[in-house]
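A.B. asks: Below, each chain spelled out in residue letters.
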Amino acid sequence: MLNPELHLNPDIFSETPKKAALRDGYGEGLLEIGLENSDVVALSADLEESTRAEAFAKKYPERFFEVGVAEQDMVSIAAGFGVSGKIPFVSSYAVFSPGRNWEQIRTTICYNDSNVKIAGHHAGVSTGADGATHQATEDIALMRSLPNMKVFAPCDAIEAKKITVAAAKIWGPIYLRFSRNPSVVMTTEETPFIPGKADIFWLPQNNKKPDVAIIGCGQLVYQCLLAAKALEKEKIQTLVINCHSIKPLDSRQIVAAAKKSGAVVTVEEHQIAGGLGGAIAELLSEENPTPMEFVGVRDVFGESGEGEELIKKYGMASNHIEKAVKKVLRRK
Amino acid sequence: MLELTDEKIKFLEKRANEIRESVVKMLYEAGSGHSAGPLGMADVFSAFYFHILNHRPEEPEWSDRDRLVLSNGHICPVRYAAMAYAGYFPLDELNTLRKLGSRLQGHPHRQSLPGLETTSGPLGSGLGQSIGMALAAKLDQKKYRIYCFVSDGEQDEGNHWESVMFAAKRKLNNLTVLMDRNNIQIDGFTEDIMPLEPLRQKYEAFNWHVLEINGHSIEEIVDAVNEAKAIYEKPTLIICHTIPGKGVSFMENNYLWHGKPPTRDEAMAALKELRSLGGKIQID
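Chains D and W are the protein sequences, given in the same order. Counting in the working numbering, the first sequence runs from 1 upward without gaps. Counting in the working numbering, the second sequence runs from 1 upward without gaps.
Hints listed in this document are in silico derivations from the structure and should not be mistaken for laboratory results. Check before you lean on any hint, since a few could be wrong.
Residues of chain W placed beyond 12 angstroms of chain D at every Cβ, according to the derived structure [stated by the list, open to error]:
no. : residue
1   : T5
2   : K25
3   : G31
4   : R110
5   : I131
6   : L135
7   : A137
8   : K143
9   : E204
10  : A205
11  : E212
12  : L256
13  : A267
Derived list of chain D stretches under chain W, where covered just means 3 residues or more per stretch with a C-beta under 8 angstroms from a C-beta of chain W [stated by the list, open to error]:
no. : region
14  : 77–86
15  : 157–166
16  : 214–228
Below, a list of computed lysine-lysine pairs in the BS3-like style, where the Cα atoms sit at most 30 angstroms apart [stated by the list, open to error]:
no. : chain 1 : residue 1 : chain 2 : residue 2
17  : D       : K58       : W       : K14
18  : W       : K169      : D       : K58
19  : D       : K59       : W       : K143
20  : W       : K142      : D       : K169
21  : W       : K142      : D       : K59
22  : D       : K59       : W       : K234
23  : D       : K59       : W       : K171
24  : D       : K59       : W       : K138
25  : D       : K58       : W       : K143
26  : D       : K58       : W       : K25
27  : D       : K169      : W       : K138
A virtual CB, placed ideally from N, CA and C, is assigned to each residue, including glycine.
Same shape as in the complex, but just chain D (with noise of 0.2 angstroms):
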């Protein structure tokens, strides 16, 4: 059943759920802190509409910088900003930032320490009929490798203002990933939102003790919650916990319900090497040795297709972690 203390969306069950564009969240959110803040600058390089800075652009012209399409000079410039005392805002799609750009990501805001924040946008296969180019599969791998980088993964476009509101909060380089499709609202502005807090969205019925736990991120906690709901049909108890922060993980939380379950099943529109799934598998054979499937790209590139389509032929749909659950229990 979904976690009433969290008031998620009553309707996301229903034949048509609400439903909105992660980018949209960033855009909203990016406008907020713009207004909160006027140390807040954004910068696109010749995607403004696309990754929904436009809004921004629109409201405070005199802080945001269109550099052309040169991902490179982009976070470069930021870099130097963040070490002026502004708090920059990078958008592209996430195979260009921070895809194309990831030594400069390193060297300028990681090695150092700027205040930059980097929007990737188009991330997974969902991104569709654009193809393979632009779908981004690797950027959590990407960002998660190195010091001083923290790495969030909103569920959906509620989750992404906060989280992108949280960001200009939260001193140092942040990548935020967002998806580019509209995907089902799970989240209210009520849902309680602390940056780095793993929140178990499922749970097993009467108190129940779960089966195994489904850790997800991004739109795919969705999938997540459909497979919960069918699993439970079949008295299979489950967790779903929303992992919008891939890193830091909340150790805490995974590794209790990696011991009160016994079983463990990721799930991210990533590839499988680097990803969410890899996070919580150094931390558990660390911290807690516990049997896990992983739902995500399985070493190979996307194709041009619709959404939807690509999800479920890529593996990554509820049907699929119903089986990585059933899978996963056999090795109890």
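Starting from the known structure of chain D, arrange chain W on it as the hints suggest.
C.D. replies: Relative to chain D, chain W alone:
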């Protein structure tokens, strides 16, 4: 900026030579590092740290200081030496270069040593960071200037040119770039590795104001920086023609000295030359 008297010029030349001596000693002690670039830029660093820069060595984070961004981080021994003479840290510390636990990292690390402004080494990223600082200064209506030092070999980096375009787009007149035009890079002469000329015309075509000077003339360095301050509608590039390894005859103009330190005998020979008339001036 104070008036540049003949006496001051002599002082700055002497200081440049002291910096060169320190560079040779540091590199010998370290056992690795770059020799040619630091020796070639000693006059520019002397002019900046002891005449041009508005800074407070005792208060390195002073918010109104001019920013000196060293994009070609590998020549950091010359910056470390200049900073030590300026009073940022004790001269003795220069001998810790590249050693475990030292604040003087092989390539500059901003958090290790106050006053460095950026972390650098990987080429092509200093100008972008300088642009961020220049834009922040304009937003805050601050008068400080940003000086970005780049190398000529660094011009091979594509991302540097992204920044060149952007600085011109925003007409960043509080930003001045000084290029160490010493014609060498690790593997050989710049014009053999990747021809850069005509450099002046390239930058002019990118809407920069360009000056070319003898990078060993204190007067020309100071005059060019003053001219850059007077150019309001464009960023300025000062191409400093320098001799790599300047002051040590067996290193001068030899690209093999780009990326190696002197041996004990070579260091002794270099110091002897710098302390004698072989250097530009007699210092005793």
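A.B. asks: Would you say W/L256 is clear of chain D, with no C-beta pair closer than or equal to 12 angstroms?
C.D. replies: Answer for W/L256: holds, closest chain D Cβ roughly 27 angstroms.
A.B. asks: So if I understand the rule, the pair passes when the alpha-carbon distance is 30 angstroms or less; does W/K142 with D/K169 pass?
C.D. replies: Answer holds: W/K142 to D/K169 is near 24 angstroms, not above 30 angstroms.
A.B. asks: Confirm or reject the statement that W/R110 sits farther than 12 angstroms, beta carbon to beta carbon, from all of chain D.
C.D. replies: W/R110 not clear of chain D: closest Cβ-Cβ about 5 angstroms, inside 12 angstroms.
A.B. asks: How does the region 77–86 of chain D fare against chain W when you require at least three residues with a CB closer than 8 angstroms, holds or violated?
C.D. replies: holds (count 10)
A.B. asks: In terms of Cβ atoms, is chain D entirely out of 12 angstroms range of W/K143?
C.D. replies: holds (14 angstroms)
A.B. asks: Straight-line Cα separation of W/K169 and D/K58 no greater than 30 angstroms?
C.D. replies: Given that 30 angstroms is the threshold and the Cα spacing comes to 19 angstroms, the pair holds.
A.B. asks: Confirm or reject: W/G31 is not an interface residue toward chain D, with every Cβ-Cβ distance exceeding 12 angstroms.
C.D. replies: holds (24 angstroms)
A.B. asks: Run the distance test for W/K142 versus D/K59: straight-line Cα separation, threshold 30 angstroms.
C.D. replies: The hint holds at about 23 angstroms.
A.B. asks: Please verify that the nearest CB of chain D lies beyond 12 angstroms from W/I131's CB.
C.D. replies: W/I131 is in fact no farther than 12 angstroms from some Cβ atom of chain D, at 5 angstroms.
A.B. asks: Is it correct that the beta-carbon of W/L135 has no partner in chain D closer than or equal to 12 angstroms?
C.D. replies: Non-interface label on W/L135 violated, nearest chain D Cβ at 7 angstroms vs cutoff 12 angstroms.
A.B. asks: Given the hint that D/K59 pairs with W/K171, test it: the Cα-Cα distance must not exceed 30 angstroms.
C.D. replies: holds (23 angstroms)
A.B. asks: How does the region 157–166 of chain D fare against chain W when you require at least three residues with a CB closer than 8 angstroms, holds or violated?
C.D. replies: violated (count 0)
Against the hints set out earlier in the document, violations occur for numbers 4, 5, 6, 7, 15, 16, 17 and 26.
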